[in-house]
Amino acid sequence: MLKYSVALRRQGVGENKRVEAPGQKAKLKTESVDLFYGSYHALRDITMDIPACAITAIIGPSGCGKSSLLRLFNRANDLIPGARVEGQIYLDGEPIYGNATDVVLLRRRVGMVFQKPNLFPMSIYDNLAMGPRRHGIRRRAQLDEIAERSLRQVALWDELKDQLKKPGQELPVGQQQRLCIARALAIQPEVILMDESCSALDPASTMKVEELMEELAQQYTIMIVTHNMEQAVRVSDMAAFMMIDEDKVGRLVEYAPTVEMFSRPADKRTEDYITGRFG
Amino acid sequence: MRKKPRVGEKVVVGIIWTAAVLVLAVLAAIIVYILVKGLPQLSWEFLTQIPRNMGRAGGISSTIVGTLLVTAVAIVIAVPFGVGTAFYLAEYTKEGIITRIIRFSAESLAGIPSIVYGLFGFIFFVITLKMGYSVLSGGLTLAIMILPTIIRTAEEAIRTVPNSYRETSYSLGATKWQTIIKTVFPSSLPGIVNGIILSVGRCVAETAAVMLTAGSILRMPKSLGDSSRTMAVHFFILASEDISMEKAYGTAALLILLIFLINVVANILVNRFAAKRR
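Heads up: the sequence lines are chains U and S, in that order. My numbering applies: residue 1 is where the first sequence begins, and numbers increase by one. My numbering applies: residue 280 is where the second sequence begins, and numbers increase by one.
Because the hints were derived from the structure by calculation, they are not lab data. You may find that some hints are simply not true.
Said to hold, decoys possible - A few chain U positions that, by computed beta-carbon distances, are all more than 10 Å from chain S:
#, residue
1, S32
2, D245
3, E271
Said to hold, decoys possible - Label pairs and their in silico Cβ distance ranges:
#, chain 1, residue 1, chain 2, residue 2, range
4, U, V173, S, G363, 56 to 64 Å
5, S, E386, U, Y40, 55 to 63 Å
6, U, M207, S, A307, 54 to 62 Å
7, U, V173, S, E386, 12 to 20 Å
8, U, G63, S, T372, 28 to 36 Å
9, S, E288, U, P203, 39 to 47 Å
10, S, V311, U, V173, 43 to 51 Å
As the list claims (entries may be wrong) - Output of the computed footprint for chain U on chain S, the stretches with three or more beta carbons under 8 Å from beta carbons of chain U:
#, segment
11, 433-447
12, 453-460
Every residue gets a Cβ at the ideal spot worked out from N, C-alpha and C, and that includes glycine.
Next up, chain S with everything else stripped away, as it sits in the complex (with noise of 0.2 Å):
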């Protein structure tokens, strides 16, 4: 019974690991890399006045607002039709036609480029609507955007759930409605969850078709149908028009700060669902 080489195994394991080990390292750079440069530039000027000389000095409370008005209504929108497409294609269709024209568009909105959606709420919502550049248009389009990876998440999280499941609830004299509210949603919802935080980092740090349809006007939104810059676009004109590398740096780091707190909030937020479930 002496144990045999395996040199052929330790070798791929050892590609695997290091693959992993390059991917974290490039990524644990970036992120270092944008704290250390941007995290001296927060404080609490930075977070509560509004940019002075186009974003020389002063803060950027205006963009922060700017960005949690845009995503909040991308995801207010998004979510309900989303979610509820998920849950006809997964409980209430045979598996035909129509659902595979659902599923084929979801999937090509999918891999459309975010500057043509851009364009599309552009001349959609700012233009044809006359929606102006604004907060809403900026979170229309938006919720066009994510709606693909806010259905396709879903569908999977409910499917994933065990037919087992839906089999006893009606066993037990359930109707079809009370087996996907009751059961199906409640066991799918961590997966859903999942879904949508992915849809608000990509809302959050959406810079081309933000743009082009909430605008890029410094001034604090005061309605929806205020044109609004978010902190993707703020960055991404900071940068680009050499206006202030520092500047720049702190709303990166801010805006990775914001993201990593959106998906501890929500993980806290689903696990005590799950335990109360329990």
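Next up, chain U with everything else stripped away, as it sits in the complex (with noise of 0.2 Å):
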């Protein structure tokens, strides 16, 4: 795999940071897991550990339900009306799906970012106070300390101090994908879960989110879709490529630590979309 190789090498082939052996420590498991919407079916026996304080990446075609899948874990795909699944997701060995799962609590768990920066038509201090006053919390020196220390978690703080009182869709778009970084790690989730976040942005602010998405998997368990497949070498420790089968519905081909994958892709699919044969 000649084409990845110093990005390989950067990361340095063999020696994976934070993943040990695949399924370490699983943070989210799927079991089995089938997406209808409608009668489409979207997504076919996902069956996958996800390890916990680590960057897993979804890779592959458009249209292969990269981000329907990832849109599973914090039940995003609710929205959409006529989404079914079938099969289970365990988030640390509970079952999300089913009646008996709150799903607010399960969003707050789970956090999510989004394509393009997403912000309201408001203040900076006020999106990012936005999910915690949901939860109720409503006294304003908790407020601050939130949002003073979800900015310094994206090394937003010193730029954007003295100027909480600004609409935030007033900065750059690189900046308000970080801050939208940062309202959603102003829960305190468990989970990230990023929606093709980098895809809107020019390749410094890439580079600022990437290095801060390395900075979040020490204490965060953190999931990304991207087209980019640099981006998957650079910042993930495993991968997972899916395609589409003969019936049009979304599978997982391989699912590997990113360094086996690209170095060593044991599927023929695989090795032939990370080469650029296709996709």
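Since each chain sits alone in its own frame, please combine them into the complex, following the hints.
Have a look at this one:
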């Protein structure tokens, strides 16, 4: 895999930082999950263990169901009429599908950052305080503390501390996206889902967000969807390659430590995709 | 790279432009005509005195109060029901038979002539419920009349709130109720208020329905149970019974100014709210 050898060497082939062996300690586990949108079969038989405190990247060609898979973990697909899930997903061993699950609580533990920065038309501070306020935190001092902590986590505190009253949407896009990450962090989740969160950013901002992901992976379980294979190689510990099968249903083709997948892909389709023969 | 003449395009633009100017001209002509005829009638006495001698002399104070009261009753009753229905339709139901029935009913209600509402109000509120000719009967009748407008405009406003707002709110661990009240409602408020303003305009201007339900007594209404004449009814009676064309124009001019004022105030309120959110 000559194409990725530089990036792989930088990461240090073989000396994986955060993952010892696949499934060292699974934060999330999917068990033969199928997803339907009405009569449309979107995902089939997805089984995977997502390691805690590591970055797992989902890659694959457009329309293979990467985002659909990611959105299963905080039940974001629930909002789509007709969406139906078979199989089960476990967060710390607890099933998240079924009527007994408190979906609101689940979403507090599994935060999400979207493709485009989606700040609300209000101040930076109010955007940050939104999650905590929804959870009943009213005390100004406590909200101030949360705002500062989450801005520091994304390295925006020094830049923004004097303009917290400013409308969030007036910031440059790169900062907006980091602010969105800060907003997700403000509710102190355990897992962060990032759905192509760099695709709207310029290379410099992308680099900042990637550095941030690596930082956060120390204490959070991170899952990303990305179109950018260099990015997957740069930041992720585990990689999941998805593709649609003959019936146009999204399948998990290969799931392995990133270094392994990009140096010795086990499946011919993975190899074709990551060497750029299609996709 | 020489410019092509594009004659067809120019003709179409010309037609559209003419149509727009014609519409504006008609509107401006009506307003100017009424204001020119009516504004000289306006005076402190006209605003503060009760009509005397069937409206030939005195002012129109009781009809102003009557108009405001009837409209207030209608809005206070119709807005919660209408906006509630809109949120139910937009946020809580799957598209199905029930939503289709509700929407179809609302749309049918919107097409019914106001005199039919007047007749219904007269039979149901005035006679069956024994409310008599009263501000309350009139307000309730108007409430039913404006309900479809409020439901439809509010539902449209709620549906234009981008889905990403809801998604983001949920992703931050908000409940459905919080998402609707704290995120969807504020974002749709300008559209909802717009529908309410439209409805206020219809209430203030309504004649047939209120004449049959609120009556046409010229006394100052002391309670919601009193009969009262609204400005529109007063104007209609003054003009149709040839009592006083001057006073009729004065009343019409004041009606226009009132609706204008309501629009301006509502816009300021909405903008201030939007600015505060920012």
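Going down the list of hints, with the structure as the test:
1. S32: Label holds. Min Cβ-Cβ 26 Å, cutoff 10 Å.
2. D245: holds, 28 Å
3. E271: holds, 35 Å
4. U:V173 - S:G363: 56 to 64 Å: violated, 38 Å
5. S:E386 - U:Y40: 55 to 63 Å: violated, 32 Å
6. U:M207 - S:A307: 54 to 62 Å: holds, 59 Å
7. U:V173 - S:E386: 12 to 20 Å: violated, 42 Å
8. U:G63 - S:T372: 28 to 36 Å: holds, 30 Å
9. S:E288 - U:P203: 39 to 47 Å: Holds, at about 43 Å.
10. S:V311 - U:V173: 43 to 51 Å: holds, 50 Å
11. 433-447: With 6 residues close enough to chain U, the hint holds.
12. 453-460: Our answer is that it holds, as 3 residues pass the Cβ test (under 8 Å) against chain U, meeting three.
Of the numbered hints listed earlier, those contradicted by the structure are 4, 5 and 7.
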